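One-letter residues, chain by chain:
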Amino acid sequence: MVLAIDVRQITKIYDGKIRALDGVDLEVNAADVFALLGPNGSGKTTLMRILTTQFRPTSGEAYSFGIDIIRNDAWVRKMIGYVPQETSVWTDISGFENLLIYSKIYGVPSSRRKKSISDALQIMGLEEMADGLVKKYSGGMVRRLEIACALLVKPKILFLDEPTIGLDPSARKAVWENLIFFKNEYGTTIFFNTHYMDEADLYSDHIAIIKRGKIVKSGTVNDLKHSLHSEVLLLDLKSHALDETALTDIRALDCVRDVVVSDSELRVFIDDADTALPKIMETLWRKGISIKKITTTRPTLDDVFLNYAGSITAVRKHSPQNAKGAPAWD
Amino acid sequence: MTFFNSLREMFAMIELELRRLRHDRTEIYTRAVQPILWLTVYGTVMSHVRDIPTNGIPYIDYITPGVLLQSTIFVSVFYGLTIVWERETGILKRLLVAPASRYATVIGRAVASGVRAVVQALIIFPVAILLGVKFISNPTYIAAAFLMLFMISGGFAALSIFVASLMKTRERFMGIGQAMIMPLFFASNALYPIKLMPPILQSIAFFNPLTYAVDAVRGLMISGDVANIPADFLAVIVFDILIFAVASISFRKIIE
Ligand SMILES: Nc1ncnc2c1ncn2[C@@H]1O[C@H](COP(=O)(O)OP(=O)(O)O)[C@@H](O)[C@H]1O
Ligand SMILES: [Mg+2]
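Chains A and B supply the protein sequences, listed in that same order. Here this note's numbering is used: the first residue of the first sequence is 2, the next is one more, and so on. Here this note's numbering is used: the first residue of the second sequence is 68, the next is one more, and so on.
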């Protein structure tokens, strides 16, 4: 079966110094919903802009349904839809007029224009507001209009860069319900970037986790969760001042696979809670750290993400509470 | 194929401008205030200074072409601002992913700005008539004058896209935009004949495309002296071709 996207060793270096992508390999099956999950600055947008032919990678190859994205860019542009992260509609005209202008830019024949526009409006649930000025729309409506503009040509692949960034939960849900409806109707492949783990968890068939321009893990959501082979112990600590030696001691325990700290919460990845828990408690007590609450869970996608892409606290190691006394950790 | 796609994008861009104008006409009116003040205040005051040799044309009539051009060029130069703004939003990224050629995006935007500029001139035109400016009553001449307004505005829009590609922020662009327009205006024959200028200004005026545009519009609309028209159009066409090429090439910088 031909892959919707096949990326081989893509590297992108901006201005001869910023290595935004560092040997990315990626495969996306046709008719899948694929999530590229990663923290800010990890290279998601850069990869999407290369895949949508906006500029060329520094090295590497990429194919879409067997067509060379880098050399046959004009051809590829005819079969993709793209919604960038930033606003991409004109706000001083109506939603309908945006669709009209985009349908002309994309070359939808005039005989089919009316139907394409009303289909797109209907799919994204925008019929009622079509004639209002876009500057009066809510954030969720603007996003749905942007997606509607990309649906005018019934693309084979739809690229969405952080489609629900900045939207409230109900607006996010509306965006995705409309998208899934469209996907089921037309069998379009959807490739989206996100840093929301729940979004990747809920809506994607496959996920790849990207970190500093490298894919660190990919597979189905379940594959990823199983790959941790572990349970997660959630320890809610009484004090914020967790010193580094305690952390090192816990890491050193045989039964512990990994430890991630966020604020006063300790997430310990273990094989078996029954044997590991007593040892961990003992270590903490010896350091004089008391525990408020203990929970055991199966790994969530958050755990997968934390495990492969690193904790968010790792970046915030100069936060004030650390400055007060506890040494920084990484 | 790409050619037709590009042509289509250009027309879509013109349509976009007209639709924007329909929704918000205030900008056109507010932008008309300044040129009308030029005509009424400056024009009237200076017409009492008998020293400016205008070949017997009333001074207010003499500067009308210049004022028309100034207001249209103002529109097109600030058009580059739209492009900078669109870079900050996702519109430019999206246009790049459309089937048209990249150059169509540049040329389309510039041409659309030319259309907008002509609409601007159409607002000032009747006001000038009310102020007593006597235009040549030959419709072909007037149409040719508007064609010139359109061509020079498109060229300046392309110039402004080029400048925008060098600027990273809107604020910086605003500064450059201001700094660009006034000298252009003064170093041309818009307000007084070139032979009154100091030699340095004269040579700047010689390379200033605005000079040729003013000369053509003045010939076609006011004096009826069309001897220089072919040369004026040629100069502006050369300017347009050069600046469209430069803007299209530098457009890559806006993308990345
Ligand atoms: N146009 C650009 N010029 C220079 N550096 C850039 C540019 N775009 C992105 N970068 C850098 O490349 C890295 C990856 O950015 P990006 O692809 O936008 O990540 P993400 O979308 O995951 O947040 C970041 O370090 C960013 O600063
Ligand atoms: Mg991004």
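Calculated from the structure, these hints are not laboratory results. This one's a predicted model, so the numbers in the text were calculated from it and none came from an experiment. Note that CB positions come from ideal geometry on N, CA and C, so glycine has one too. A portion of the hints provided could be inaccurate.
What the hints assert, rightly or not - One side only, chain B facing chain A, incomplete, derived with CB under 10 Å:
1) His90
2) Arg161
3) Ser290
For each hint, the structure was consulted:
no.: 1; hint: His90; result: 6 Å, holds
no.: 2; hint: Arg161; result: 4 Å, holds
no.: 3; hint: Ser290; result: 40 Å, violated
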